[in-house]
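Enquirer: Residue strings, one per chain:
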Amino acid sequence: MINVVVVDDHPVVVAGVRAWCADADPPIQVVASGPTVATAWVGPGAEADVVVLDLQLDMTGPAYGELKRLVDAGRTVVVSTMRDDQETALTCLDIGAFTYLTKAEGESHLVAAIHAAARHEPYTPPALAGALGTDTNPNRPRLSEQEVNVLREWFHCESKKSVADALNITVNTVNTYLTRVRAKYASAGRAAPTKAALVARALQDGLVTIDEL
Amino acid sequence: MGGELGSTERELLRAGARYAVGLRALMSAVAGMVSIALETTAAPVLTVFVVIGLVAWTVYYAHQFPRRGRLLVPLDVTIVCAVCLTQLWTVPTGSAHGITWVIAVIGITVIAYAWQLSLVAHAAATLTVMAAFLVGAMIADSPGWLDVLPLQLWTVVEGGLSRALYLLVRRGARDADRAVARSEQARRDAAVAEARRADEREYLAALHDTASATLLMVGSGVTGRRTEWLSAQAARDLDAISGDHASPAGEVDLVAHLRDVARHLPLTVHWDAPGFVTVPAADAVALAGGVREALTNVVRHAGVGEARVHVRRDDDSVVVEVADEGTGFDPARVNGHRYGVTRSIVERLTRAGGSAEVISRPGNGTRVRLTRPFAISTDTAGDVETIKSGVDTALRWSVVVMNLIILFGLDLPRLVANQEHYSSLATQVLTLVVLTAVTLVVAWHLWRKRPLGLLRWPLVAVVFVISALCTEAVPPGLRLGLAHWSEGDAAWTLLLLVLDYRVAVMAVLLAAHYAMTFTQTALGGDAAITVAEAVNATVVVFSYQLAVGVVTVVLRPVAITAAAVTYREERLRTERAVAEQVHRDRTERYAALADSTAPLLAALASGEADPGDPVFRRACAVEAGRVRRLLAEDTSVPDQLSHELRACVELAERNGITVHFAERGERPQVPKSVRRALTDPAVAALATAASTARVTVVGAADEVTVSVVADAPAELVPMNSDPAIKVTAADNGGKLWIKTTWRRT
Chain A
1 MINVVVVDDH PVVVAGVRAW CADADPPIQV VASGPTVATA WVGPGAEADV VVLDLQLDMT
61 GPAYGELKRL VDAGRTVVVS TMRDDQETAL TCLDIGAFTY LTKAEGESHL VAAIHAAARH
121 EPYTPPALAG ALGTDTNPNR PRLSEQEVNV LREWFHCESK KSVADALNIT VNTVNTYLTR
181 VRAKYASAGR AAPTKAALVA RALQDGLVTI DEL
Chain B
214 MGGELGSTER ELLRAGARYA VGLRALMSAV AGMVSIALET TAAPVLTVFV VIGLVAWTVY
274 YAHQFPRRGR LLVPLDVTIV CAVCLTQLWT VPTGSAHGIT WVIAVIGITV IAYAWQLSLV
334 AHAAATLTVM AAFLVGAMIA DSPGWLDVLP LQLWTVVEGG LSRALYLLVR RGARDADRAV
394 ARSEQARRDA AVAEARRADE REYLAALHDT ASATLLMVGS GVTGRRTEWL SAQAARDLDA
454 ISGDHASPAG EVDLVAHLRD VARHLPLTVH WDAPGFVTVP AADAVALAGG VREALTNVVR
514 HAGVGEARVH VRRDDDSVVV EVADEGTGFD PARVNGHRYG VTRSIVERLT RAGGSAEVIS
574 RPGNGTRVRL TRPFAISTDT AGDVETIKSG VDTALRWSVV VMNLIILFGL DLPRLVANQE
634 HYSSLATQVL TLVVLTAVTL VVAWHLWRKR PLGLLRWPLV AVVFVISALC TEAVPPGLRL
694 GLAHWSEGDA AWTLLLLVLD YRVAVMAVLL AAHYAMTFTQ TALGGDAAIT VAEAVNATVV
754 VFSYQLAVGV VTVVLRPVAI TAAAVTYREE RLRTERAVAE QVHRDRTERY AALADSTAPL
814 LAALASGEAD PGDPVFRRAC AVEAGRVRRL LAEDTSVPDQ LSHELRACVE LAERNGITVH
874 FAERGERPQV PKSVRRALTD PAVAALATAA STARVTVVGA ADEVTVSVVA DAPAELVPMN
934 SDPAIKVTAA DNGGKLWIKT TWRRT
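In the order they appear, the protein sequences are chains A and B.
Take 1 as the starting number for the first sequence in the working numbering and just add one per residue.
Take 214 as the starting number for the second sequence in the working numbering and just add one per residue.
Same shape as in the complex, but just chain A (with noise of 0.2 angstroms):
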């Protein structure tokens, strides 16, 4: 049974989570949920596997200290946010969120991304692989154009198949773009207890090589 607590304080949000975890399988709980972060750092929520995290608690703006304290005490977070851009994706990221989706993705992607994160296997939304497809930051990895294309054609139709159908290859090979430029990623900026194990599982999957990070 994976564990997660729900940090949103929208409560038809929390309503929804419920529900598309009680239909997971494997099966997910929601051991706490509430509108601050407290919810993630005493009772129950304390011990969940994953925290869902809302980045807009309140007003004062995205809540990146909160998931940055969440990160170096070693929690496993999904990031679900409104705010649908690049800059949110990428600092998420580079803060050592497991994974980043907007709420538009929550129906077809949060359990999956629940799943693979309590199995601390990469994970990369859409939303996400568009950004990291459009990201021209000298001081991000360096991405290979294959990987670019993948990236940019999942997040414009959302299909595995179609964006295997599109370049000419398997959706396997798909995944596993994926997965190895989220490991790139993981290995460059700051440290991260989780940024660690997704690189280890991808170094222990033969999905990169130590030369490619």
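Derived from the structure by calculation, the hints contain no laboratory data.
Mixed in with the good hints, there may be bad ones.
Claimed, not checked - Covered, in the sense of this in silico footprint (three residues per stretch, anywhere, with C-beta under 8 angstroms from a C-beta of chain A), are these stretches of chain B:
no.	segment
1	386–399
2	941–952
Said to hold, decoys possible - Simulated crosslink set (BS3-like; lysine-lysine; CA at most 27 angstroms straight-line):
no.	chain 1	residue 1	chain 2	residue 2
3	A	Lys-103	A	Lys-184
4	A	Lys-161	B	Lys-939
5	A	Lys-103	A	Lys-160
6	A	Lys-160	A	Lys-184
7	A	Lys-68	A	Lys-103
8	B	Lys-662	A	Lys-160
The structure displayed is predicted, hence computed values, not measured ones.
The C-beta atom is built at its ideal place from N, Cα and C for all residues, glycine as well.
We have chain A already, so just place chain B on it with the hints.
Expert: Using the frame of chain A, we list chain B on its own:
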């Protein structure tokens, strides 16, 4: 002369020629009449006839010149030559000064010719008249005539100087025309731009209310069958989008323009204005500028969040008042920059030909009233200044040059020739030096474009004093004679000092100077010459000085006329430019709709199309989306691609479609035509999707991709002819996926 003359140059030449012939008639009459009255000649009766005949002719010539112009000149030259040949009988013998009434007439004649004849004709006429004069003098052969000949031949130089004056002033006029033309260009551009915006606003509003509404209605299935009113509506829509019948070109709605200005300010504006006030585009620009500043002032200084704008149009002016109930201030005690902007409103409106008034009291709010009259004469104050200062500067330079030529070409030789006669040679030399120095001071200020300011009156005093000293140093018996060079010529320096001053002051100073010299001479006893000779000598110099001085008088009306003419011409040109540009815009805008919207409306209007046919309905829905995109076109938005797509997304959402829109990456600027091609599939898919659509935009260094995934019919995939654009279509799990990529080349 090449090219079209500017209005200032044209007006100047016309006024100059008119003035020159008039001055000549007057001066000839004075010299001739004084001679008849005071001098004795060999044939007094003949002299009377000659003088009266000449004066009559000159007056006739002055009267006819504007009509007949150059046809009269050969006859005029012949008559003046004939008069020269009568010197044996009509000129008293043995003048010590050499300045007879004939030489006075010749002098003013060749000076006036500069304004009437071409360079060659002027030179030929001057030389012909001088030759006739020489022949006449030779025939008369009065004692000592050879001695005064050099002085008489100076008349040729005067003709040349007059020519130089004419050329310089004319060049000043031309420069002024250019300066005005440059500012006109700017004004015209602003007016055209404003008219285009206004027309566009109006067109888009019309489009929104007509074609867009009808297409949406049909597209969404609200009207599922042919009806008479739908056909009639479609016909009206068709007429509205193709018609060229918006507001008259060159005129814009001031109220809409002002509202537009106020919209961008963090201020609640209460409007007290009629529905619309039509004014020339240029006026709207000027008034809107003032209103913007006034409202900005409210935001910055008044300490209140609201203002009232009152617009009123009378028969002859439009008045805009901006009032607030803020802190207010005392306009009389405005210092520094705090309310500097308020002051700049006044300046701006005055410059543009209107007026502005600021009424405020501490604690009682502020009212700024901007008035813009429609009358032409006051619309041109700025141009009048430009023109006047251009011509003024040229005139003053020419007088500087002329004065130096006279001082060193004419006066210095006279001084040297008579050096042993002066009681103090040093005073004579000092006078020449001082007059030269004063001239150079004026030249220096002209060069630095600075006004003379406080220096003017001390310098005037210096000229008077040195001139008096110089006269004292000439022995009484020689005064007003050849040796007395400073007598008339010191006045040139005086003229130079007050040339930009009031004309009355100028005339009084010149007269005072002559009066002073004559008084000194009279007090000294016997002078070198008779009263008549003195009059003639004075006429020669004074008429020329007056000629120069009065140019400044005619200058002001010339500048005003020229500016008014310029304004009228500018208005015509602006109207033409606005009409052309607006027509081009409308044609272009219609072209964007002609191939797609117009046929649909036409089919609806004729009843040929069935609004219930799903294919036709879909076409209408797509077209409604395109029109929506067109309405979203707004050059003031930094990211137009996104702006237009969002507008279409919004429309789809209103029709109940779930749309996800996301953008990633930085994009290069996308040209308008490419933007349309890029967004076309997305617009069509959004308009025809059954329930969901995903629109994504990805930008890279040289590339933009717009992708749409929607449950929309597959026949939407557009034909593509642009090699820079790549369109791919695929099935995405039962949905249509169209991707359009533009690569910058």
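Enquirer: Now tell me if each hint is right for this structure.
Expert: Results for each hint:
1. 386–399: violated (count 0)
2. 941–952: It holds, with 7 qualifying residues against the three required.
3. A:Lys-103 <-> A:Lys-184: 25 angstroms, holds
4. A:Lys-161 <-> B:Lys-939: At roughly 21 angstroms apart (the allowed maximum being 27 angstroms), Lys-939 (chain B) and Lys-161 (chain A) satisfy the hint.
5. A:Lys-103 <-> A:Lys-160: 20 angstroms, holds
6. A:Lys-160 <-> A:Lys-184: 20 angstroms, holds
7. A:Lys-68 <-> A:Lys-103: 21 angstroms, holds
8. B:Lys-662 <-> A:Lys-160: 76 angstroms, violated
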